[in-house]
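Trainee: Chain by chain, the residues:
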Amino acid sequence: MRNDDSIQAPDLSRRGFLQGTLLGTLSLAVGANGVIGVIGVIGRAHADDDAPKKYGADSMPGGTVSDPLVFVSIGADGTVTIVAHRAEMGTGVRTSLPMVVADEMEANWDRVKVVQAEANETRYGNQNVDGSRSVRHFLMPMRRVGAAARQMLEAAAAARWAVPVGEVRAQRHEVVHLPTGRRLPYGELAADAARQPVPADGTLKLKTPDQFRYIGKDRVRMVDLEAIGKGQATYGMDVRLPGMVYAVVARPPVVGGKARAVRAEKALAIPGVLKVVEIPPFSGAPAFQPLGGVAVVARNTWAAMQGRAALEIDWDDGPNAGYDSAAYRGTLEAAARKPGKVVRNEGDAPAAWNKSAEAQRYAAEYYVPHLAHASMEPPVATVRVSGKSAEVWTSIQNPVAAQTAVAKRLKLEPKDVRVNVLLLGGGFGRKSKPDFVDEAAIVAQAMPGTPVKLVWTREDDIHHDYLHTVSVERLEAVVGKDGRPQTWLHRSAAPTIGSLFTQGAKGQQLFESGMSAINMPYRIPNVRVETAEVEAHARIGWFRSVANIPHAFAAQCFIAELAHRAGKDHKQFALDLIGPARKIDPRTMADTWNYTESPERYPYDTGRLRDVIEAAARGARWGRKLPRGHGLGLAFCYSFMSYTATVVEVAVNDKGEVQVVAVDMAMDCGPQINPERIRAQMEGGAIMGLSLALTSEISFEKGRVKQSNFHDYEVLRHHASPRVIRTHLVNGSHDTPPGGVGEPPVPPVAPALCNAIFAATGKRIRSLPVRTVA
Amino acid sequence: MARLQLNGQIKEVDVPGDTPLLWVLRDELGMTGTKFGCGMALCGACTVHMDGSPIRACITAVSAADGHAITTIEGVEADRVGRAVQKAWVENNVAQCGYCQAGQIMSAVSLLKATPAPNERQIDEAMSGNICRCGTYPRIRAAIKQAAGDLAKGGK
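Here the protein sequences come in this chain order: A and B. Counting in our numbering, the first sequence runs from 267 upward without gaps. Counting in our numbering, the second sequence runs from 144 upward without gaps.
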């Protein structure tokens, strides 16, 4: 492995707040959750009501830790080492959270070194980088870490000078005695500071926002930025260990299938091929279990691929052999057209519909296909099994899930499985699941002492992803004489992520409905939200912004359609529906999930929603006269405790080809820690949203994914990318609690695009991907 | 046995001649800056230069590279255009996850060598073979323009 300090995990035996000081006893505990259901949101959707409800970070395995002795060490040379305990997949969190610590402790960023934590939630707090939670849950713990470290340095300096601590102040990597101007640099104070008691939470003096040096200032670039540009950053794919061998796996082409017969002679005859190892098929619900199949191990990746191509396998396709996405669309449509399970009800929308005249009724159905994450780095993991322990090197969003899976597989204690976290070449939710690490553990178990790097090819990634669900959303409204809806029915028919964990689970769970279906804030007297019970025939997983994608696509197009029907400006119509600025308790919308956050701390704030709509509209100069063939479309969304609105400008030519001219995206995510990285997420979210809206689709035939690589699973490329993406950050007050950043930019993009296409052409597109306008 | 002129150094590797250059670089020579993304010349993550022109290492047999000058991301710093592009990449904070950026930089460097002041269409043509799933395209475009400007002003 390349000797690269930037990705080395901290060495626990040597680390200390200062050199020579050993940290408290390291106690490892198995997470309360096993490998199955390790994702908190699943479990909590139906949490039992007896226990006092925990919210936010407190509801996550490991909770939060804000002990400076865990996160900060200072060398005698003044180098401040800060642990990044969350994995980096491109959001910048490996920079932003350590930067928060540095700011609060008055460390100079150019004297800071960031080290990546290994998997250990007992020590560091929750490490599952998913759900746009990193800053949301760890802003305040990291501020407390920094403040505590600063106060310990100040206490040490005051003791050295024998002066009251009120007379000293930490600033810019040194402590100053204010009356005399004497100074002591951090390096000289490190040993004494370590002997100071860690200040109790109640005695911490956090900075006021006007004192921030880095938070919100855009003075800090990503720690890996230069290494990335030089090809020196180390991703999971880049791990190299002495004696390492390489593996690829032939997996059943259909989920739930298995190998009936395997002939490996030809594979073993390929030069460089060392071994074949059977991966057992999974039992019960798929969860994070490997799909099964046959691994080919070789002395390099290419030989392993050649060996796999030479395997002769007779597959039993199993129960999903008939899965066909065209036929399944019919199943979803049929389900969406009959009553489903009611998850929210006010008034009586069905009765009002039945009583209404045909001319008052408006209904529409929207389709979003399966999507693959297709992170540029396919899944990859390296595992070495040595006697009673194992070591893992991988790029994963949830390192503890990998630790748990490997420990279970190898019948080891989790503490005996060390998981080193490398940079992720994208994740988008795919790399929350440790199935690929488990596969590597199975192969490594068959080759004790030998490190095995198990690589997924792009074809593996597209064929065997945990796909975004496929959905038909049906919306119905009875429209009053003023054009306003008197009823709102939203019925969602989509296989649930719950089917990953419970065999045969049907119907979306609350955490899915809670993403832009149930929490509909419009002032409409009769509201009903339903989910239809449909079966899953593929592995359904989290894809950046999850169920918000189909729900917001449908609801945001539907509002535009209602506005058009009423002959009103879409933006004004939407603002009228939203109504005045107010804070809505999500429980009054039957949303008891609320992204696991407290309903008091995180109400649905329609004022903040209105503000982002206005900001995006202003940015795009909503209402301006446009050239022929151009159109502006608006959409907005509240997700992951952040408010987003997007205006897309398109140009559609006579051939129906869509060009995205510009995107305006506004977001209110509460306090802005690293605005430049927030804008990067907004730009990237716009492009990922346009990818799924314009070109991406996974479809099935005979149980098999039809697409295989980027020629048929198309994603947005340079030439199709908008030249102009204007980002508008709204609010930013540290008085509001932090919201998510990674996912919220995605959901409003597809509906804004389709609303823009309608504005440009009069053609309403309700089925993704758009490709061209017929 | 193939003999590569790799970033100005001669490297001999003993692999079957049909082995893609990508896997020779990564697995045999330990040069992991060149990335695997698709294996079919569809994503550009493995872009390197052969005699100055961009090629996809994932579909280039090592025998076809034998005797040619190969430049990878690890060697691009030796070059004035390469340095200007890398600097512009940093100053524009282009990368998100960063995995595709080595390939993006290699494509951008060869674009600017052939076309010092590219227009929008030329940028599209040179860069559309390089996928970025994080969506850094607008910043890549800005960085290319900045590097072109810096080079025109005589930056080194």
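Treat the hints loosely; a few may be bogus.
Unchecked claim - List time: in silico DSSO-like cross-link candidates among lysine-lysine, alpha-carbon distance up to 27 Å:
| no. | chain 1 | residue 1 | chain 2 | residue 2 |
| --- | --- | --- | --- | --- |
| 1 | B | Lys230 | A | Lys496 |
| 2 | A | Lys1029 | A | Lys524 |
| 3 | A | Lys496 | B | Lys288 |
| 4 | A | Lys524 | A | Lys379 |
What the hints assert, rightly or not - DEER-style ranges, computed between Cβ atoms:
| no. | chain 1 | residue 1 | chain 2 | residue 2 | range |
| --- | --- | --- | --- | --- | --- |
| 5 | A | Ala535 | B | Ser206 | 33 to 39 Å |
| 6 | B | Ser271 | A | Arg449 | 32 to 38 Å |
| 7 | A | Arg461 | B | Ser271 | 55 to 61 Å |
Claimed, not checked - Far from chain B, by Cβ distances over 12 Å, these chain A residues were calculated:
| no. | residue |
| --- | --- |
| 8 | Ser622 |
| 9 | Ile790 |
| 10 | Glu967 |
These are calculated hints, taken from the structure and not from any lab test. These numbers were taken from a predicted model, which means no experiment stands behind them. Built from N, CA and C at the ideal position, the CB exists for glycine as well.
Trainee: All hints, please: hold or fail.
Mentor: Okay, the hints, checked on the actual structure:
1. B:Lys230 to A:Lys496: 10 Å, holds
2. A:Lys1029 to A:Lys524: 46 Å, violated
3. A:Lys496 to B:Lys288: 19 Å, holds
4. A:Lys524 to A:Lys379: Roughly 48 Å separates the two Cα atoms, so the pair is violated.
5. A:Ala535 to B:Ser206: 33 to 39 Å: Distance hint for A:Ala535, B:Ser206 is violated at roughly 22 Å.
6. B:Ser271 to A:Arg449: 32 to 38 Å: 56 Å, violated
7. A:Arg461 to B:Ser271: 55 to 61 Å: 60 Å, holds
8. Ser622: At roughly 44 Å from the nearest Cβ of chain B, A:Ser622 sits farther out than 12 Å, so the non-interface label holds.
9. Ile790: 35 Å, holds
10. Glu967: 21 Å, holds
Violated hints, in rising order: 2, 4, 5 and 6; the structure is consistent with all others.
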